[in-house]
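Enquirer: The lines below spell out each chain.
Protein chains: 2
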Amino acid sequence: MPEFFKVVEAEEVLEIIKKFAPAKVERVHCEDACGRILARNVHSPENLPHFPRSTMDGFAVRSEDTYGASEGLPLMLNVTGRVIMGKACDMAVKPGEAIAITTGGMLPEGADSVIMEEYCHVLDEETIEITKAVTPWENVLRPGEDVKKGEELFVRGHRLRFQDAGLLAAVGIEDVEVFQKPRVAIVSTGDEIVAPGTGSVPPGKVRDVNGPSILARLKYLGYPTKHLGIVPDDEVKLKALCEEALFGQSDSDVLLLSGGSSIGMRDFTLKVISELPDSKILFHGIAIKPGKPAIFATSGAKAIWGLPGHPVSSMITLLFFVEPFLGYLEGSYTDTARKTTRAILGVNIPSVHGRLDFVRVKLNEGENGRLVAIPVYGKSAMVSTMTRADGLVAVPTHSEGLDRGKEVEVLLF
Amino acid sequence: MPEFFKVVEAEEVLEIIKKFAPAKVERVHCEDACGRILARNVHSPENLPHFPRSTMDGFAVRSEDTYGASEGLPLMLNVTGRVIMGKACDMAVKPGEAIAITTGGMLPEGADSVIMEEYCHVLDEETIEITKAVTPWENVLRPGEDVKKGEELFVRGHRLRFQDAGLLAAVGIEDVEVFQKPRVAIVSTGDEIVAPGTGSVPPGKVRDVNGPSILARLKYLGYPTKHLGIVPDDEVKLKALCEEALFGQSDSDVLLLSGGSSIGMRDFTLKVISELPDSKILFHGIAIKPGKPAIFATSGAKAIWGLPGHPVSSMITLLFFVEPFLGYLEGSYTDTARKTTRAILGVNIPSVHGRLDFVRVKLNEGENGRLVAIPVYGKSAMVSTMTRADGLVAVPTHSEGLDRGKEVEVLLF
Numbered sequence: 001m002p003e004f005f006k007v008v009e010a011e012e013v014l015e016i017i018k019k020f021a022p023a024k025v026e027r028v029h030c031e032d033a034c035g036r037i038l039a040r041n042v043h044s045p046e047n048l049p050h051f052p053r054s055t056m057d058g059f060a061v062r063s064e065d066t067y068g069a070s071e072g073l074p075l076m077l078n079v080t081g082r083v084i085m086g087k088a089c090d091m092a093v094k095p096g097e098a099i100a101i102t103t104g105g106m107l108p109e110g111a112d113s114v115i116m117e118e119y120c121h122v123l124d125e126e127t128i129e130i131t132k133a134v135t136p137w138e139n140v141l142r143p144g145e146d147v148k149k150g151e152e153l154f155v156r157g158h159r160l161r162f163q164d165a166g167l168l169a170a171v172g173i174e175d176v177e178v179f180q181k182p183r184v185a186i187v188s189t190g191d192e193i194v195a196p197g198t199g200s201v202p203p204g205k206v207r208d209v210n211g212p213s214i215l216a217r218l219k220y221l222g223y224p225t226k227h228l229g230i231v232p233d234d235e236v237k238l239k240a241l242c243e244e245a246l247f248g249q250s251d252s253d254v255l256l257l258s259g260g261s262s263i264g265m266r267d268f269t270l271k272v273i274s275e276l277p278d279s280k281i282l283f284h285g286i287a288i289k290p291g292k293p294a295i296f297a298t299s300g301a302k303a304i305w306g307l308p309g310h311p312v313s314s315m316i317t318l319l320f321f322v323e324p325f326l327g328y329l330e331g332s333y334t335d336t337a338r339k340t341t342r343a344i345l346g347v348n349i350p351s352v353h354g355r356l357d358f359v360r361v362k363l364n365e366g367e368n369g370r371l372v373a374i375p376v377y378g379k380s381a382m383v384s385t386m387t388r389a390d391g392l393v394a395v396p397t398h399s400e401g402l403d404r405g406k407e408v409e410v411l412l413f
Numbered sequence: 001m002p003e004f005f006k007v008v009e010a011e012e013v014l015e016i017i018k019k020f021a022p023a024k025v026e027r028v029h030c031e032d033a034c035g036r037i038l039a040r041n042v043h044s045p046e047n048l049p050h051f052p053r054s055t056m057d058g059f060a061v062r063s064e065d066t067y068g069a070s071e072g073l074p075l076m077l078n079v080t081g082r083v084i085m086g087k088a089c090d091m092a093v094k095p096g097e098a099i100a101i102t103t104g105g106m107l108p109e110g111a112d113s114v115i116m117e118e119y120c121h122v123l124d125e126e127t128i129e130i131t132k133a134v135t136p137w138e139n140v141l142r143p144g145e146d147v148k149k150g151e152e153l154f155v156r157g158h159r160l161r162f163q164d165a166g167l168l169a170a171v172g173i174e175d176v177e178v179f180q181k182p183r184v185a186i187v188s189t190g191d192e193i194v195a196p197g198t199g200s201v202p203p204g205k206v207r208d209v210n211g212p213s214i215l216a217r218l219k220y221l222g223y224p225t226k227h228l229g230i231v232p233d234d235e236v237k238l239k240a241l242c243e244e245a246l247f248g249q250s251d252s253d254v255l256l257l258s259g260g261s262s263i264g265m266r267d268f269t270l271k272v273i274s275e276l277p278d279s280k281i282l283f284h285g286i287a288i289k290p291g292k293p294a295i296f297a298t299s300g301a302k303a304i305w306g307l308p309g310h311p312v313s314s315m316i317t318l319l320f321f322v323e324p325f326l327g328y329l330e331g332s333y334t335d336t337a338r339k340t341t342r343a344i345l346g347v348n349i350p351s352v353h354g355r356l357d358f359v360r361v362k363l364n365e366g367e368n369g370r371l372v373a374i375p376v377y378g379k380s381a382m383v384s385t386m387t388r389a390d391g392l393v394a395v396p397t398h399s400e401g402l403d404r405g406k407e408v409e410v411l412l413f
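Just so you know, the protein sequences line up as chains A and B, in that order.
Start counting the first sequence at 1; every next residue gets the next number (the numbering used here).
Start counting the second sequence at 1; every next residue gets the next number (the numbering used here).
Since copy identity is lost for identical chains, a pair holds within one copy or between any two.
30 Å max Cα-Cα, derived DSBU-like pairs, lysine-lysine:
id, residue 1, residue 2
1, K339, K19
2, K379, K148
3, K6, K280
4, K219, K239
5, K362, K149
6, K148, K362
7, K289, K339
8, K362, K339
9, K205, K219
10, K289, K132
11, K289, K226
12, K271, K226
13, K237, K87
14, K24, K339
15, K149, K379
In case anyone wonders, no lab produced these hints; they're calculated from the structure.
Please read these numbers as outputs of a predicted model, since none were measured by experiment.
Bound-form chain A, shown alone (with noise of 0.2 Å):
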């Protein structure tokens, strides 16, 4: 087993993943495309509108026979005929004509321009009055004006949202290539765990944490994630099912094994990982607190995260590491899944230099409104100080604690 303990502070696990970039590109229908990120630039096949478009209710004019007109001196114009909506009109606008027309319709032939209904007075059914001028192009738009044919819609690294499914819609754009959702395997290891599902616990043994709230998340997170077992402290197991999951029928990107990354008697984990094929140890242990013992290594183009035993530990370098790791590998890492709000520390909370502390926070309404974040009380093993917190407040890196009555940004959950 190697000997070495490389810890690195959170700052540099940040630069070391950041270096990671997508590797397969997958083709998606546009309904299905909301958050993905774009792995080619996209341009428009056509114009769009591909012909002059009204966008009011009124009356297609010629806009230089409305100049002049105005309510103290109002001018005639000859109705025609309507617009019908879906269809290309087989009339044109003549000099001092005039055809209805509502929003959407296809100007006719020789208008340049709509007058609103509400400036157009029906004298009879053949003739209006205008009580106000109209410039060229005034309440339409012309082919291309809102993408030209060949204008570069989106590049690559845009995350798609809802209007551009929309646009890309309103141009025959159906699929788009996108970057794959990196493929999650998680492992649980460990003697004393046992599946969620069993009925009654040994003492001594418990039911697996880690599996069960890495899983929901990346779920939720929408990436393909599978659950492939608990493996006891063996070796030999705990190799047989890495490289299941790295290199075969799983074929996953990613491998998170949960448990085993304390340095110890029982964890192997670290001699498993080096002796997978083109392997690299990129560190093991982060400087933060709950969560040290974190373990990042390759093999090959695959990534293993080894995530602490300790529920606690492993959820937060889950969100704080492992995330932005995902999404760096599926294109970009934008912190979409984040929301923060701002608070008042209730307490002092007190730190260690060269460390990055998280604390468990409860928010409470405080005088004038003001969120109040108050440390969640309890032992730091017990799971249930995560799900009583609201959110996780950081003490930075080379700071040695925070004050009462300071403002910080909290992590909701």
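Go by the hints and put chain B onto chain A.
Expert: Frame of chain A; chain B shown alone:
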């Protein structure tokens, strides 16, 4: 067709939709329950942990045997064995004795605390010298200390998070009862609308923008959503599809009608809705811009939204009214899908008193690294004004505009 045109303010809409509550409950596996709202209180069926459990690596001891130990006056204890992880220890700690234990191990009989290994000096295989006293239950989780049997873990209405899934797994709860997410059907209407897949669109016709963008958004938010197709402006066909959507095989909880919500000759929407069984039109028109002609109605326990045909109006109505409504149907609305930032307005934004305006803005980095919001240039009818925007700024109903330099909240897309 009903003659009335009931326009309500945005705040009234939010009051109306707040009154809707979830109707159906389903049981889901905890691994799929993140983000879902509990329909029942959940109590723990057992103690967590169910045995006294060490939270540190060290030695299980009787605390009274350690009193008085210090760096200057170490005490000696006899080591009689080692706790095997995952098993109950078959030995007891007797006075003057210690048993080696690792984090997560089961405390042997007789011991009431664990002394951390850093305060233990191993003299030989059977003897340690300790340099610190421990108090009863130090470094130990007692049975039920994390969670007590029968304790209320989560209450009805709680939105489940990944740490909650972990705690539920720990106490052996594999699935939970949550409120069903409403099933949504989308119908696009309009003589001019063709499907996005249409290769060559004739003059006067346009591809559906609203159907695909709404579908993409609601699928992203996890709602079971179907697009049932496009109907021309034909009362009989529209009625048949509405009935199919709400009461036929689709059996949707919510129907979103895209287009056809402006008063006009071509709009049968209100008439069709008013003919649905037990129908009630709650409002027709919201005092917002863009987005005014939105309809909201119920037919028994089902809900119908008539969304504006104008794509930008449709998108804004979806974000600000339909999404919160779906949230209440799901058991809670907590804005989790929304992210905001603060920015300085780069220009004056005029507005009209009595109307809530949504301004599409682009964010640029200004002096001192502060974000500056600048309205997106382009005619309001252009879909690309939404895709070029980074977010929206709301100008409150009872305001006549916002001044340049003011700090505003920007809803990010």
